[in-house]
Amino acid sequence: MAKHEYAFYPGCSSQKGASASNYLTSVESMCKTLDVKLTEIPDWNCCGASIGYAEAGELPRHVMNARNFALSEKNLPGQEIVATCAACWLGARETRERLTHSDTLMADTKEALKEAGLTINEMPEIRHMVEVLIEDIGFDEMKKHVKKPLEGVKIAGYVGCQTNRPFGVDGESFENPKYLDNMVEMVGATPIPEYDMKVTCCGGALAFSEPDKAQAQIKDIIESAYDHGAEMIVTPCPLCQANVEIYQGQINQKYGTKFNIPVMYYSQLMVVAYGGSAKEAALNGQLIRARRLEEIAAK
Amino acid sequence: MSANTAMAEKYRNNFLKEIEEQVEMGDWVKMCMQCGVCSGSCPTNFQSAWEHPPQELFMMIRAGKREEVLTTTSMWNCTSCYNCIVRCPRKLPITHIMHGIAEYAHRLGVAPKMQPTRFFSGLFWKNATKTGRVNELKLSMGLYFKNGFGAGVKEGMKMKDVALGLIKAKRLNPFEILGGHTCKDQKGIQAMLKKAYEIERSRKAAKTAG
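Protein chains in written order, with my numbering: chain A, 1 to 299; chain B, 1001 to 1210.
Cβ-to-Cβ under 10 angstroms is the rule here; a few derived chain B residues that face chain A: (1) T1044; (2) W1076; (3) R1118.
Quick look at which bits of chain A chain B covers, simulated, 3 or more residues with Cβ under 8 angstroms: (4) 12–18; (5) 114–128; (6) 283–289.
Since the hints were derived computationally from the structure, they do not count as laboratory data.
Glycine included, each C-beta is placed from N, C-alpha and C at the ideal position.
Looking at chain A on its own, in the form it has when it is part of the complex:
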């Protein structure tokens, strides 16, 4: 039996061929090393994300998340739900909070769930993967597995919004969370604690609907990373990763910049540091390749 077991909520963007499929590949390798068993919640559905608000209303949105709770309880009783995506985690946690605080909302949710033949008896704990790493596994244990420290690689820890607000990771401040820098340090790389854009918004869904507004923010996030001497950026959020990575070409055209900085997931750094291959770390999933990590992985 694995040391740690969880009900896993991968979310839409982590699926095969989707925008954060590289995240999932690296999380799977990372969990193997740390003896963490993730069992996918059967037939899980989308959390609705924050951007669905125009048509989601209140109850339909919570019912979507509650369906995942019910499926988890039915198929993986007693296990905490772990999400890797910031939006999935936030959406599920918000639903958990609202249903816990309102008997009416809970009763209405149960009535709607009945239509899908499901129910909730117990509220599950909703955890983000970084909470599992920090709280359940701990930095000491994480560090034990480092075989190839990422020596001399300077990395800007970009925490972003939704893994940080409104819930955040216990013991961290909203304005200056430190866990990501600590993770960079743990894999043997050089963190940049003074990186001042670490909790700046990447524009979220506005990167699709109003790219000019989002890209103005993304530009600041990248510029500050360069100003602080970073050679790559790391993030715990799939939308932060995509937004900060994939629009660099368009930003260069618009602003005359020469951005070309890799944007990685913490799990990719860990897999490389744990001695995993480039494939296991899904380094081939980057639009802007992280050559330094590829070299270390090939060593």
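Dock chain B against the given chain A, drawing on the hints supplied.
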């Protein structure tokens, strides 16, 4: 009578009460003390995108500026970054109130029609709930082709390099156009959502009647 006129009649001269009863988290509006931290913390307000930033909207609600509030593009600039929520000294769930006012304006059919985030928001929810999981390819195509085929091709061309990069990295699958990822129990999801909308509608209607 349109839904909008009916609500305006019902809550005549008391827009604050209307927001409190009809908008998610609307009963928090009266708690605002006009400090402006929310507006100063908003990433898109820094770009002057908001005609009326949050604390201004709260005062306008109390002043009964119904039409101005419901028809503004302001709250559609919310990026859901939750900065306003964590900084508000009175603990107002501002992000949710912004989403709530936007949703209410959309429900009444008075939100600005051409506002791109309004369009994308509806598109996202329909995309996600149709099969239970988001189809990223159809979501992007739906956005680019919102103004017809010609405009769509032009928008698509602008995104060509991004799309090709994603396809090469196996993070965008062109075959999703044929189906893609779905939930198995789609029937259950549709029935569950239908019920949820029914319940929500009747709860809101009960408030209007009461």
